[in-house]
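Going down the list, the protein sequences come from chains C and X. Take the first sequence: its letters are residues 566 to 910, numbered as in the working numbering. Take the second sequence: its letters are residues 566 to 910, numbered as in the working numbering.
Check the hints yourself; a few may be wrong.
Because identical chains cannot be distinguished in the list, a pair is counted as satisfied if it fits within a single copy or across any two copies.
With a straight-line cut-off of 27 Å between C-alpha atoms, the simulated DSSO-like cross-links for lysine-lysine are [stated by the list, open to error]:
#  : residue 1 : residue 2
1  : K777      : K867
2  : K823      : K813
3  : K837      : K750
4  : K750      : K806
5  : K644      : K750
6  : K615      : K811
7  : K811      : K821
8  : K777      : K813
9  : K644      : K821
10 : K567      : K684
11 : K567      : K838
12 : K644      : K684
13 : K821      : K806
14 : K777      : K604
15 : K736      : K687
16 : K750      : K811
17 : K855      : K584
18 : K823      : K838
Hints are computed from structural coordinates only; laboratory data are not their basis. Predicted model only: the values in this text are computed from it and were never measured.
Here's the letter readout for the chains.
Number of protein chains: 2
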Amino acid sequence: MKLILDAMGGDNAPLEILKGAAMAVSEYPDVELALTGQKDTILALCEKEKISLERMEIIDAPEVVTMEDPAQSVVMSKKNSSMGVGLKALAAGEGDAFISAGNTGALMTGATLLVRCVKGVKRAAIATILPMENPVLMIDSGSNVTVSPEYLLQFGILGSVYMEQLFGVEKPRVGLLNNGTEEHKGTPTLVEAHKLMANCPVINFVGNVEGKAIPFGACDVLVTDGFTGNVVLKTVEGLSKFIMKKLKGIFMSNTKNKLAALMINSDLSALKKSFDASEYGGAPFLGISKPVFKAHGSSDAKAIKNAVRQARDYVSKGVSAIIDERITSGLAPAAEIKTEDKKEN
Amino acid sequence: MKLILDAMGGDNAPLEILKGAAMAVSEYPDVELALTGQKDTILALCEKEKISLERMEIIDAPEVVTMEDPAQSVVMSKKNSSMGVGLKALAAGEGDAFISAGNTGALMTGATLLVRCVKGVKRAAIATILPMENPVLMIDSGSNVTVSPEYLLQFGILGSVYMEQLFGVEKPRVGLLNNGTEEHKGTPTLVEAHKLMANCPVINFVGNVEGKAIPFGACDVLVTDGFTGNVVLKTVEGLSKFIMKKLKGIFMSNTKNKLAALMINSDLSALKKSFDASEYGGAPFLGISKPVFKAHGSSDAKAIKNAVRQARDYVSKGVSAIIDERITSGLAPAAEIKTEDKKEN
């Protein structure tokens, strides 16, 4: 298969992207890569750093979407950016998936406008793994700040297919993030979403899930709007860092503690690493008709390799086709429920 | 001063409440307590457990609001509950503050209907201390699931007075919880709230705050709606527990690690305790015209004593009067801004 990789997106582009590309190609014999970006820059850097371009081609793209560019730039002022060119190549069938560590908003806008959503899907969403007791897929984790009950239902279906296919979870338990477990809890949108999800035949809905239950395996797929998802994701990130910093403070506070730290150093590093979501690869934009993956902005070569692996698994398992089918069968009854509700009102 | 205490509310009532009451009275010579609850039960228990009732009176209340009762019960079916009787006594001026570890929803509904909001305040909110690098007051942390921009502005004013008066923070930095720091970020409600807060002369507004910045002292008062606040509060609670559990797993995994754990045991216990918000006393219902405090449902005697201390400080510093004054001067210009905005549209 051929995967398209944005060579210019992310804090450490292009060097770490190119190194990651080389690692991926060497590790996955079935993968070819098409790199989008400034051809001369890429060639010069690969020569200087002795990075092999075996099984890679370069699609020249003179511009770069920066983190400061508005989301629309990829289809407006920066059509010829590495991101714009890559998305167009994906839409045209010149590759099987697109991976970028660049501007998230621009990538979502570009993917929606250039690659389009799956038929029937109202809004694509960013799905991110929270590294907890079991991996939890949070969807939406940042894209749709306001949502409708139907969006939330669709997020549940999309996330469910992803966890089933990519993480081998049978009948993934889908939870709705809420401020209480009772079904009447939350905003009117959440109350209505709860009804839709409880009646949807293609998801294993386990009801409302509270924040305190997230780490302890309450669900495999955590459905929420992009605002709450973003706040939760960043709170988890900040709090993990904060606690690790506090621990470090304890371990460095005196000689006895320093000795204790030495004794368990490797285990603590493993704990710290277990909170590193980049181990799980990129975050898929679920609901886009072809696979688009967002790697973390600060991705190093290994994180890029992991994102390529995730995209490869997605393609080889035919996840897009399964999503198509599941959305079609999942939404029919939801539409019926909505009609019934309207009749009652 | 006389503080009214719900003797029947909370998981450990009435025993731990009564013990906490006795601790508070013995520690704070200026405090008298009025306990609301089943008089015979209280008297019998105090005799059996040898709990002194010095400087305490009992206001008999035959009913108890349970955690399962609907929020309206305190003013409907259970008017004569320890909570209902306590709130009515506060409204009638028979005490200076009311403290309960009972049903949060019922307490807020009862406080709003029986004690009423400060003049000009649209909605009261629960304010909770997050125990981070510096204590952060999150308001609303659970009451108002949907909010208007003006509610959020008022939460900022209320929280600001609280941190200034109770925690001695000069010009508390007020942040708006959002999914990005730029002023255009978030829902339309948040964009509008940002404008109101930036133009409010009685708060020190520092702009939008992301989840990852909460632990690291980005602000002293974190303004949010009650839905997001509840999710954040519970996520922080769950994640802290989860990380502490993981640490315990590391420390118990082999003999070497067990030895290391022994060496730093007291420091780890201190770390665990630093995440215990009950050290900070009860959560005030800010915006209610008289002081109402919610102690955690699982409060033990010490947590009750801390909640009594917090209520005592609130009363002795005259926080209610300062809130009255600050709301009046804070809202006048906000109203002008709104009028200007309307003219433009």
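Which hint numbers doesn't this structure obey? Of the numbered hints, 3, 6, 9, 11, 14 and 16 do not hold.
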